[in-house]
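Novice: Residue numbers (our numbering), protein chains in the order written: chain A, 1 to 178; chain B, 1 to 727.
You can take every hint at face value.
Chain A regions said to be covered by chain B (calculated; three or more residues, Cβ under 8 Å): (1) 60-71; (2) 77-88; (3) 105-115.
Quick caveat, the hints were computed from the structure, so don't treat them as lab data. Ideal placement from N, C-alpha and C gives every residue a C-beta, glycine not left out.
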Amino acid sequence: MSAANPTSEAADPRLQDVSPDEVAAEAVSQFLTFVVADEAYGLPINYIAEIIGAQRFTSVPDPRPFMKGVINLRGTVIPVMDVRVRLAMEPRDITERSCIVVVDFEDTVVGLLVDTISDVVEVLPAAIEPAPKRSTESACGSIVTGLVQIEDEVKILVDLRRLLFDVEDLTGGNNDEH
Amino acid sequence: MSDVQDENQELCVDFVTESREMIGEVEPVLVELETEASSSGEIDTSQVDAIFRAFHSMKGSGGFLDLNNLVAVTHQAESLLDLFRKGEASLEPQHITVLCKAMDFILELLDQIENEFHDEGREDDAQALVAEIRAEMETPSFEADEEAARPEAEAEPSQEVGVEDELEITDDLVLSFIQDAQEQLESAETALLELDQGDSGIEQISVAFRSLHSLKGNCGFFGYAEMERTAHGMETILDAARDSGVAPESEVISQLLQQVDVLRVAANGLHPDGAAPAVSPPATPSAAPPEPAVSTEKPADPPASPAPKEAAPAVRDADAAQTAGQPKQKEKRKTSAGNIRVDLEKLDSLMDLVGELILAETMVTHNPDLEGHHFEDFQKASLQLNRITRALQDVAMGVRMVPIAGTFRKMLRLVRDLARKQGKQVDLQLVGEDTEIDKTVVEAIADPLVHIIRNSVDHGIEGQEDRAAAGKDATGRIRLEAKHQGGEIWISIEDDGKGLNRDAILEKARAKGLIDPARGELSDSEIFRFIFDAGFSTAAKVTDVSGRGVGMDVVRRNIDKLKGRVDVSSTQGQGSTITIRLPLTLAIVEGMLVGVGGSVYTIPLLAIQESVSPKNEDVTKLSDGQEMANIRGKLLPVLRIHELHGVADAEQELGKGTLVVVEEHGSSFAIFVDELIGQRQTVIKALPDYLGSVPGVSGCSILSNGDISMILDVKALQGEWLAGGKA
Numbered sequence: 001m002s003a004a005n006p007t008s009e010a011a012d013p014r015l016q017d018v019s020p021d022e023v024a025a026e027a028v029s030q031f032l033t034f035v036v037a038d039e040a041y042g043l044p045i046n047y048i049a050e051i052i053g054a055q056r057f058t059s060v061p062d063p064r065p066f067m068k069g070v071i072n073l074r075g076t077v078i079p080v081m082d083v084r085v086r087l088a089m090e091p092r093d094i095t096e097r098s099c100i101v102v103v104d105f106e107d108t109v110v111g112l113l114v115d116t117i118s119d120v121v122e123v124l125p126a127a128i129e130p131a132p133k134r135s136t137e138s139a140c141g142s143i144v145t146g147l148v149q150i151e152d153e154v155k156i157l158v159d160l161r162r163l164l165f166d167v168e169d170l171t172g173g174n175n176d177e178h
Numbered sequence: 001m002s003d004v005q006d007e008n009q010e011l012c013v014d015f016v017t018e019s020r021e022m023i024g025e026v027e028p029v030l031v032e033l034e035t036e037a038s039s040s041g042e043i044d045t046s047q048v049d050a051i052f053r054a055f056h057s058m059k060g061s062g063g064f065l066d067l068n069n070l071v072a073v074t075h076q077a078e079s080l081l082d083l084f085r086k087g088e089a090s091l092e093p094q095h096i097t098v099l100c101k102a103m104d105f106i107l108e109l110l111d112q113i114e115n116e117f118h119d120e121g122r123e124d125d126a127q128a129l130v131a132e133i134r135a136e137m138e139t140p141s142f143e144a145d146e147e148a149a150r151p152e153a154e155a156e157p158s159q160e161v162g163v164e165d166e167l168e169i170t171d172d173l174v175l176s177f178i179q180d181a182q183e184q185l186e187s188a189e190t191a192l193l194e195l196d197q198g199d200s201g202i203e204q205i206s207v208a209f210r211s212l213h214s215l216k217g218n219c220g221f222f223g224y225a226e227m228e229r230t231a232h233g234m235e236t237i238l239d240a241a242r243d244s245g246v247a248p249e250s251e252v253i254s255q256l257l258q259q260v261d262v263l264r265v266a267a268n269g270l271h272p273d274g275a276a277p278a279v280s281p282p283a284t285p286s287a288a289p290p291e292p293a294v295s296t297e298k299p300a301d302p303p304a305s306p307a308p309k310e311a312a313p314a315v316r317d318a319d320a321a322q323t324a325g326q327p328k329q330k331e332k333r334k335t336s337a338g339n340i341r342v343d344l345e346k347l348d349s350l351m352d353l354v355g356e357l358i359l360a361e362t363m364v365t366h367n368p369d370l371e372g373h374h375f376e377d378f379q380k381a382s383l384q385l386n387r388i389t390r391a392l393q394d395v396a397m398g399v400r401m402v403p404i405a406g407t408f409r410k411m412l413r414l415v416r417d418l419a420r421k422q423g424k425q426v427d428l429q430l431v432g433e434d435t436e437i438d439k440t441v442v443e444a445i446a447d448p449l450v451h452i453i454r455n456s457v458d459h460g461i462e463g464q465e466d467r468a469a470a471g472k473d474a475t476g477r478i479r480l481e482a483k484h485q486g487g488e489i490w491i492s493i494e495d496d497g498k499g500l501n502r503d504a505i506l507e508k509a510r511a512k513g514l515i516d517p518a519r520g521e522l523s524d525s526e527i528f529r530f531i532f533d534a535g536f537s538t539a540a541k542v543t544d545v546s547g548r549g550v551g552m553d554v555v556r557r558n559i560d561k562l563k564g565r566v567d568v569s570s571t572q573g574q575g576s577t578i579t580i581r582l583p584l585t586l587a588i589v590e591g592m593l594v595g596v597g598g599s600v601y602t603i604p605l606l607a608i609q610e611s612v613s614p615k616n617e618d619v620t621k622l623s624d625g626q627e628m629a630n631i632r633g634k635l636l637p638v639l640r641i642h643e644l645h646g647v648a649d650a651e652q653e654l655g656k657g658t659l660v661v662v663e664e665h666g667s668s669f670a671i672f673v674d675e676l677i678g679q680r681q682t683v684i685k686a687l688p689d690y691l692g693s694v695p696g697v698s699g700c701s702i703l704s705n706g707d708i709s710m711i712l713d714v715k716a717l718q719g720e721w722l723a724g725g726k727a
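Make the full structure from the sequences, and use the hints.
Specialist: Written as structure tokens, this is what we have:
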């Protein structure tokens with residue numbers, strides 16, 4: 001079920017490229033990068049449980065429009081968030097490049113539906129630039145912890161806690177979830 | 001003994017668990033005793049014995065762990081009980097009170113021991129309690145026991161228990177003694193064998209010591225002097241080894257093991273008919289090998305040297321005798337319920353696995369690949385598989401089921417204490433104690449019961465004068481009943497007190513703004529429901545028992561958590577009844593799968609009355625848009641589930657779909673679905689917390705094709721959707 005996706009396999013060699021010494025070096029942090037609406041985002045890799053191809057959802061009535069539904073991941077029922085909708089963009093149809101990034105954030109397991117995943121990058125803390133003040137105030141800006149430039153491309157580093165729980169802007173005060 | 005600190009801590013934890021269990025078991029017995037004593041004046045000595053044994057065991061283990069305060073109190077309680085056992089005193093209510101107090105104190109000590117691994121610092125309380133118990137013993141009605149006045153902190157219980165000639169030893173007692181003895185010997189044997197293999201040492205010595213010590217205590221209690229002596233001799237050797245911190249030599253261990261065999265034969269030889277025990281002939285040494293090095297520390301101890309020595313020929317005898325006794329022992333094991341303690345987590349994962357197995361079974365037997373084919377042998381095999389999985393499921397569920405008696409009987413003590421405190425007379429009647437409920441449910445129900453019963457005693461049952469004025473019996477009655485009803489457990493708490501004050505509740509609810517002023521007349525049950533709101537109390541004053549309006553809120557929350565339901569009915573002046581309805585198990589539901597658009601929903605079979613294909617003319621639309629279906633002359637509101645959950649592609653036209661008529665709490669309504677798919681037993685999985693609550697859905701299950709099906713919660717649908725729609 002989980003190995004069905006070509007993109008996730010593409011990401012694996014990158015993971016193995018990282019030598020143990022580099023992992024041990026505390027200064028470097030690793031991010032899984034994915035693409036939503038042509039922008040590249042990065043999630044701290046320690047929250048990533050697995051990456052699976054998009055599959056059939058069972059829709060669940062939820063006041064939050066970005067909740068796509070639930071999927072069955074080997075017997076466990078996991079809610080899936082459409083990251084496009086979460087970032088206040090129009091949803092689009094699932095393609096064969098669409099992926100679900102399953103994150104485990106402090107025992108809350110959620111699948112994040114993204115357009116595609118790209119690779120794992122290593123970032124030195126010094127390379128992270130703070131997000132511009134203005135953007136942190138908008139709905140999608142509030143989830144940004146910083147920006148990092150890698151090979152001419154800017155990656156937006158995502159605050160997972162805010163992505164999952166700080167959803168006030170989108171549902172009009174329905175923030176009492178956790 | 002500083003090197004055994006860690007190991008002692010482990011022992012302490014075991015001791016605390018065991019002791020709590022023991023107290024939990026004997027506390028209700030104590031309360032029962034009181035009832036017996038006050039009604040008939042006669043007491044069942046076997047019950048006194050049970051309590052005595054509990055105190056005695058605690059004292060024994062406590063002494064081993066240097067818990068001096070605990071030993072002092074248990075010893076004194078034991079002495080008091082001894083008087084009743086010997087018939088030297090009659091049991092009076094104040095004795096029960098002081099014994100209850102002792103149990104409470106021990107529980108406090110246990111809490112401390114659990115955290116700090118000692119019971120120091122409570123000497124004053126312990127001494128005060130000891131004095132109190134002694135004072136009760138010295139009341140003129142009987143002569144003080146000389147023995148009782150001598151405080152004893154050493155773990156040498158057998159000496160002061162002595163042989164109870166007057167004590168009636170029943171068959172059951174002997175049987176349970178034999179079983180205990182087997183277990184104790186087995187654990188001693190294992191520990192000795194481990195010791196022989198050169199394992200860590202001290203711990204094994206302690207285990208063996210404790211087992212033998214318990215055995216010795218039991219032997220003393222039953223008057224099996226020979227066995228007692230043998231056990232004592234072994235204990236002495238082990239004690240010496242423990243003190244010296246050196247594991248005994250292999251030779252010594254062999255001797256000890258031989259003694260274990262001898263004791264085992266002796267125990268097996270006991271006859272439950274009360275006849276004197278056939279004490280093992282080879283228990284006396286026939287040859288004395290040189291004193292083992294480890295016991296040299298206690299060379300002066302006379303019983304140590306002769307008892308534990310054993311010659312080889314005698315052992316062979318013992319072995320032979322043991323083989324002869326073996327079948328008998330096996331038979332006994334079968335009849336007397338052998339219990340094992342299992343981690344609840346293991347049971348949970350067993351249950352999960354059984355759930356997955358049922359799922360996998362359905363995936364195989366209902367596999368889409370099989371469609372259109374007819375395989376006779378496969379059908380037979382799958383039927384067989386089905387039978388076995390169902391049986392396995394029943395067994396797995398049965399394992400989790402425990403009688404509610406334990407929880408019920410805890411209430412005896414509660415009622416007694418509360419009634420006493422308030423100067424009321426309350427009789428608690430327990431009905432259906434054998435009713436079996438899922439273990440987790442039993443645990444979760446204890447708190448609500450405590451709150452409800454507290455309320456009944458505190459607010460429900462009137463004082464004696466008021467009762468007399470109302471022409472009621474001076475003794476208030478509370479009836480606690482459990483029974484199976486349909487697929488549910490019903491627990492009802494009924495009292496004959498003054499009942500709920502409907503008007504006061506109504507007034508309070510209005511004052512708190514809980515009632516929509518636009519609403520018309522409320523029914524009694526709607527009004528009574530307010531008592532479950534947080535902070536709702538009509539009590540004029542807050543007592544230390546209740547009145548803050550917290551308890552019933554706890555009740556409702558806990559019951560909600562169990563997917564149960566609580567109802568109140570009451571007649572002013574005559575009493576009130578609170579009924580708690582709980583599902584039998586939280587794990588599995590028998591359901592009807594229905595298709596709605598692309599989704600599959602599960603409707604619990606218990607709620608379904610029938611399903612019909614409506615004609616368009618059967619449906620009337622009311623002015624507010626609510627559709628009513630005429631089914632066999634009855635007008636039922638129609639719930640379009642696809643509208644509630646926003647399911648796309650669902651059938652819109654009623655005439656082309658199916659109406660499933662469901663009933664909840666006396667009223668019916670119809671759920672409109674596209675089609676019926678079939679009946680399945682499904683394992684309930686909780687929806688992920690991240691989703692929050694989904695309206696009208698209690699959980700989900702995974703279908704044989706891997707899809708997820710929402711399980712509809714008929715109760716919630718009725719409450720949230722229909723009631724809201726009607727108002």
